[in-house]
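Enquirer: So you can see what is in the structure, the chains are spelled out below.
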Amino acid sequence: MKFLGNKRLLILMAGLICFIVVMGLTFGNRQHMTWPEKFVKDTIAFTQGLLYKPAAYIAGFFEDMRSIRTLYEENQVLKQTLTRYARDTTKLNDLEKQNKRLQEALGFTERQKQMNNYRFRIAEVIAYNPDRLNHTIQINLGEQDGIRPNMAVMSVKGLVGRVVQVSSFYSTVQLLTGIDDTSFMSDSAALGSKAIAVTVKDKEESFGVIEKYDPEQAALIVTKIDPNDQMAVGDTIITSGRGLLFPSGIEIGKVVEKEVGEFGITFKATVEPFASFNHLREVFVVEVPELR
Amino acid sequence: MNHKWLTALLFGLFLLEGTVLQWIIPASWQSRVMIAPHFVLVVVLYIGLYVNRHTALVYGLAFGMLHDFIYYSPMLGPVSFSMGLTGYLAGLLHGRVYSSIVVSMLAIAAGNLAFETIMYGLYRLFRVSHLDLSWLFVHQMLPSMLINLLFALAVYVPVRKRLEEMQASRTATEE
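Top to bottom, those sequences are chains A and B.
In short: position in the first sequence from 1, add 7, done, that's the numbering used here.
In short: position in the second sequence from 1, add 9, done, that's the numbering used here.
Simulated from the structure, these hints should not be mistaken for laboratory data.
Be a bit skeptical, because a hint or two may be false.
Unchecked claim - In silico negatives: residues of chain A with every beta carbon more than 10 Å from chain B: (1) Glu44; (2) Arg126; (3) Phe127; (4) Val240; (5) Arg249.
As the list claims (entries may be wrong) - Sample of chain B residues at the chain A side, in silico, Cβ under 8 Å: (6) Gln39; (7) His47; (8) Leu85; (9) Met128; (10) Gln149.
Said to hold, decoys possible - Per the computed footprint, the stretches of chain A lying under chain B, defined by three or more beta-carbons under 8 Å from a beta-carbon of chain B, are: (11) 24-31; (12) 70-84; (13) 88-100; (14) 116-124; (15) 140-148; (16) 277-285.
Predicted model, so just to flag it, every value in this text is computed and none were measured.
Glycine included, C-beta positions come from ideal geometry on N, C-alpha and C.
With the sequences and hints as input, model every part of the structure.
Expert: Structure follows, in structure tokens:
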């Protein structure tokens with residue numbers, strides 16, 4: 008054949024083998040980066056940040072212009088929420104004081120006391136992964152700021168994802184849209200997507216596991232729900248914290264459908280996420296004291 | 010120093026892909042259909058079509074590797090491999106077919122689809138993705154191809170001019 012002479016074919020095959028070897032070797036353990044990777048990532052992430060922020064600012068300006076009409080109504084609602092907030096704060100202070108006293112009376116250790124003392128670290132998004140096979144974003148907090156893999160990441164509306172990889176000053180977040188538990192990756196210990204244990208707000212005895220994101224419905228699939236579970240359509244789904252990886256109580260979404268699961272033993276629910284995964288500007292990384 | 014110019018252009022596009030373009034592309038195009046801007050790939054394909062296949066291969070491999078480094082993916086190498094390969098394949102057309110704008114656009118469209126298909130194939134091979142190919146084709150590959158084609162059309166005249174100058178100067182120095 009004219010296109011592929013013997014020598015060329017040989018080189019092509021050698022290249023192919025080379026790449027398959029590289030892919031196989033690096034497969035599944037990219038959570039801890041090597042120093043050249045870190046260096047390149049930090050340098051480029053810095054430049055990306057310079058571009059992303061003004062773009063977000065300008066695009067945000069036009070979005071604000073569009074929403075100017077709804078501003079009045081939004082303001083009204085926010086004022087109402089604020090009064091409710093003030094009321095809740097006094098209540099919260101009371102309860103917190105009481106809780107502290109009770110904890111002391113029961114002799115809680117320092118570690119037990121700190122268990123639910125989450126820290127919310129704000130981070131700016133600096134880039135999106137342009138290929139749509141990996142749903143990840145980059146944020147500008149890294150190892151130096153105390154960010155570790157597997158920390159939960161949320162936006163003001165709800166859970167958006169999980170930290171999967173950290174370099175010195177930046178880290179990569181896998182969005183909820185990238186969750187796929189049928190993937191082989193979830194077998195290899197550290198990487199890929201992880202299922203998230205969830206429960207229902209105000210019905211904490213409910214239990215389910217978010218195992219995958221269905222791109223066709225743009226919804227999360229919660230499986231392993233007990234047939235006698237009280238979960239119903241319209242319920243708010245929150246993280247349960249039982250997986251000991253994620254903090255508890257972060258809102259995820261609303262149940263839109265509940266049906267019998269694949270094997271007929273458990274139920275599965277379709278959950279519409281609260282957070283939007285596009286055009287993110289700021290996210291919060293939730294630091295759980297235990298993880299440190 | 011044409012290579013300097015080309016590297017700067019590709020690097021600029023590489024930065025734009027993950028940042029500014031994410032804001033220019035409307036949110037609905039990123040949720041219902043998922044558009045993946047691959048402007049670096051478009052330029053690599055142009056290099057293949059108008060300079061030669063080896064240059065395209067090298068640029069494709071280099072910038073693909075950069076993509077693999079920067080953006081998280083389960084393994085190193087798939088983007089590098091597919092971008093290098095499609096660049097090389099586009100290079101095989103160089104001088105073999107009559108290069109009009111229509112042929113170039115067809116080649117770039119085919120290159121885009123090939124790139125996405127190779128990526129998908131590798132992900133299936135390593136059992137990372139379980140998405141259905143036909144669904145992915147309609148919701149991701151086809152719309153992204155159209156957007157990339159639009160970009161290719163927009164930069165066709167200046168890029169072709171510069172690349173052909175580059176090619177001319179290269180053959181002049183070789184002779």
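Enquirer: Each hint: holds or not?
Expert: Here is how each hint holds up against the structure:
1. Glu44: Given a closest Cβ separation of 6 Å, the condition is violated.
2. Arg126: Since the minimum Cβ distance to chain B is about 24 Å, Arg126 of chain A lies beyond 10 Å and the statement holds.
3. Phe127: Since the minimum Cβ distance to chain B is about 23 Å, Phe127 of chain A lies beyond 10 Å and the statement holds.
4. Val240: holds, 22 Å
5. Arg249: holds, 26 Å
6. Gln39: For Gln39 of chain B, the interface hint holds, since the closest Cβ of chain A sits about 5 Å away, which is under 8 Å.
7. His47: holds, 7 Å
8. Leu85: holds, 4 Å
9. Met128: It holds, given that the least Cβ distance between Met128 of chain B and chain A is near 6 Å, below 8 Å.
10. Gln149: The hint holds - Gln149 of chain B has a Cβ within 8 Å of chain A, the shortest such distance being about 5 Å.
11. 24-31: holds (count 4)
12. 70-84: The restraint on the region 70-84 of chain A is violated, since only 0 of its residues have a Cβ under 8 Å from chain B and three are required.
13. 88-100: Coverage by chain B is violated here, the residue count being 0 at a Cβ distance below 8 Å.
14. 116-124: violated (count 0)
15. 140-148: Answer holds; 4 residues pass the 8 Å Cβ test.
16. 277-285: holds (count 3)
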